[in-house]
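S.K.: This is what each chain is made of:
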Amino acid sequence: MLEIDWFLGLSAIMFSIGIVGVLIRRNAVVIFMCVELMLNAVNLSLVSFSSFHGNIDGQILVFFALAVAAAEAVVGLAIIIAIFRNNLTVDVTEINLLRW
Amino acid sequence: MIVYLFILLAVLAIASALAMVINKNVVNSALFLVINMVSLAGIYLLLNAQFLAVIQILVYAGAIMVLFLFVIMLLNVEDEEKLFDKFRIKYFLAFVLGAAVVGQIFYSIAGVTNMLPEISSNMAEIGTVEAVGDVLFTKYLLPFEMTAILLTAAVVGALMVAQYKIKKG
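Heads up: the sequence lines are chains A and B, in that order. According to this note's numbering, the stretch in the first sequence is residues 114 to 213, in order. According to this note's numbering, the stretch in the second sequence is residues 23 to 191, in order.
Pulled out of the complex, with its shape left as it was, chain A reads as follows (with noise of 0.2 Å):
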């Protein structure tokens, strides 16, 4: 039988992959990807500590989060675009302009 530790696990693991992704890769884009990963991460531990627990507002707390995330998404490409019409590219090494 499944035991919760395994979906911990599992949540561990895809965070920590997208941590990596986050400190490797240079591509705007694909950071961003990486932060989703990370909240979805999370989300599967929520979730398996709701239906293990037998309480359903862990689940509603997912729904929020997933509301919250597409609002982040909306804007963070927002910004992603803006950065790119100024600069011409979305590698974060050379996005410089508030570093001293």
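Please note that the accuracy of each hint is not assured.
Part of the chain B face toward chain A, derived, beta carbon under 10 Å [said to hold, decoys possible]:
1) 71
2) 82
3) 117
4) 148
5) 162
6) 172
Among the chain A residues that face chain B by a calculated CB cut under 8 Å, a handful are [what the hints assert, rightly or not]:
7) 121
8) 157
9) 178
10) 183
11) 184
12) 192
Read the hints as simulated data drawn from the structure, not as lab findings. Using N, Cα and C, we set each Cβ at its ideal position, and we do this for glycine too.
Guided by the hints, dock chain B onto chain A, whose structure is given.
M.R.: The following block gives chain B in isolation, referenced to the frame of chain A:
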């Protein structure tokens, strides 16, 4: 049976996440992320969260990933040719940090095991549309309405940000 299904979906999710991170082509990365979302929706089904499984495919694999692909096609971003061509200390540090996070979370999971309550027999009915909607429109009605305001503000803000152009000079 259900254990094998979980193992299949988990391997698919981890493999597609890894492929998303190490792939040089941005479009391929986005499509691997879609595979990851779909296998995650299957895992939600194993956890009896039917409503969230459908919402995951509709919102994430549908709407958000179409938005990502649209932006990728719009920006015409080139491949990262220099990814992994030579060993960098940055990659090593990133992998060490990722392994440290995995170890830390596994250690905490192992510390709090056997602390779950006894599950009632109606666990199978918890994630249906009726159960979620019943709680969402009574106990969590105010946050639900706030979500509408949040999404409207996000759309208006995204329009403003994407239209703005800095004058060069």
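S.K.: Decide, hint by hint, whether the structure agrees.
M.R.: The hints, checked one at a time:
1. 71: Nearest chain A Cβ about 5 Å off; hint holds.
2. 82: This hint holds: residue 82 of chain B lies near chain A, its Cβ roughly 7 Å from the closest one there, short of 10 Å.
3. 117: Result: holds, 6 Å to nearest chain A Cβ.
4. 148: 5 Å, holds
5. 162: 5 Å, holds
6. 172: Holds, about 5 Å.
7. 121: 5 Å, holds
8. 157: Holds: closest Cβ of chain B sits about 6 Å from residue 157 of chain A, inside 8 Å.
9. 178: 10 Å, violated
10. 183: 6 Å, holds
11. 184: 4 Å, holds
12. 192: Holds, about 6 Å.
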